[in-house]
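A.B. asks: Sequence:
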Amino acid sequence: MTQPELAGKVILVTGGAKRVGRGIALRLAAEGARVVIHYNSSEAEARATAVECAFEGQPALLVRANLESIPEISRMFDEIAERCGRIDGLVNNAARFTRFDPLDITEADWDFIHSVNLKSVFFCCQNAARLMRKSGGGRIVNISSLGGIRPWAEHAHYCASKAGVIMLTRSLAKAFAPDITVNSVAPGVIPFGEPDARAASMIRNTPAARAGTAAEIADAAVYFLRASNFVTGQILAVDGGLSQR
1 MTQPELAGKV ILVTGGAKRV GRGIALRLAA EGARVVIHYN SSEAEARATA VECAFEGQPA
61 LLVRANLESI PEISRMFDEI AERCGRIDGL VNNAARFTRF DPLDITEADW DFIHSVNLKS
121 VFFCCQNAAR LMRKSGGGRI VNISSLGGIR PWAEHAHYCA SKAGVIMLTR SLAKAFAPDI
181 TVNSVAPGVI PFGEPDARAA SMIRNTPAAR AGTAAEIADA AVYFLRASNF VTGQILAVDG
241 GLSQR
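In this note's numbering, the protein residues as written are 1 to 245.
Among these hints, one or two may not hold up.
Below, in silico cross-link-like pairs of lysine to aspartate or glutamate (DMTMM-like), each with a Cα-Cα straight-line distance of 20 Å or less [stated by the list, open to error]: (1) Lys-134 <-> Glu-216; (2) Lys-18 <-> Glu-52; (3) Lys-18 <-> Asp-219; (4) Lys-134 <-> Asp-179.
Hint data in this document are derived by calculation from the structure and do not stem from the laboratory.
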């Protein structure tokens with residue numbers, strides 16, 4: 001039987017310890033990939049996920065880094081290169097989310113979101129692409145958001161960061177072609193636990209008449225990781241049709 005196309009591929013998932021990142025990591029492990037799980041403060045969750053994502057009988061490789069720090073990002077990729085010899089795929093999943101009236105947002109509030117949601121995404125892409133080019137290419141998937149497509153009044157800083165991820169994806173797709181593809185998955189409402197009033201309202205307005213799941217985001221990420229280099233610079237909204245309203 002032919003092995004899955006991702007079998008044995010070294011794929012880093014940032015923020016892979018829990019929530020959507022965990023769902024992506026588990027799906028990649030099921031595809032036979034050698035998953036590398038990044039975490040910052042969620043060590044216990046990361047270790048549990050690593051056991052579930054075992055490769056050849058060993059827990060998945062864990063790498064810790066504060067993504068606000070460019071030197072730590074560089075160190076993380078150096079560690080992956082040293083321990084795995086290469087990197088074939090990157091899923092930029094780690095992100096932050098806060099809610100403020102735009103009139104109340106401070107510089108610290110802005111930087112708290114953008115340092116991880118946008119700045120770190122670029123530098124992770126940069127470091128990954130340098131390694132990928134040494135081994136013949138690779139695949140990058142950036143997790144953006146419905147908030148990068150539709151404006152949310154009390155999340156202006158977050159929406160700006162995710163819209164930035166979308167344009168960054170398109171720009172890097174051109175810059176890194178033809179050997180490295182760069183695509184983005186834009187999730188809709190993916191609740192973990194009971195949704196708050198705002199999320200519940202969004203779910204009611206979703207044409208699919210339900211919320212999404214981490215597994216559905218993972219499906220989209222896997223599609224891009226397996227696709228040919230003729231699929232690049234694309235933004236796939238996995239949102240039950242909500243972005244069309």
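A.B. asks: Taking the hints in turn, state whether each one holds.
C.D. replies: How the hints compare with the structure:
1. Lys-134 <-> Glu-216: violated (32 Å)
2. Lys-18 <-> Glu-52: Distance of about 12 Å is within 20 Å: holds.
3. Lys-18 <-> Asp-219: Since the Cα atoms of Lys-18 and Asp-219 sit roughly 17 Å apart, the hinted pair holds (cutoff 20 Å).
4. Lys-134 <-> Asp-179: OK: Lys-134 and Asp-179 at ~11 Å, within 20 Å.
Comparing the model with each earlier hint shows a violation of hint 1 alone; every other hint is respected.
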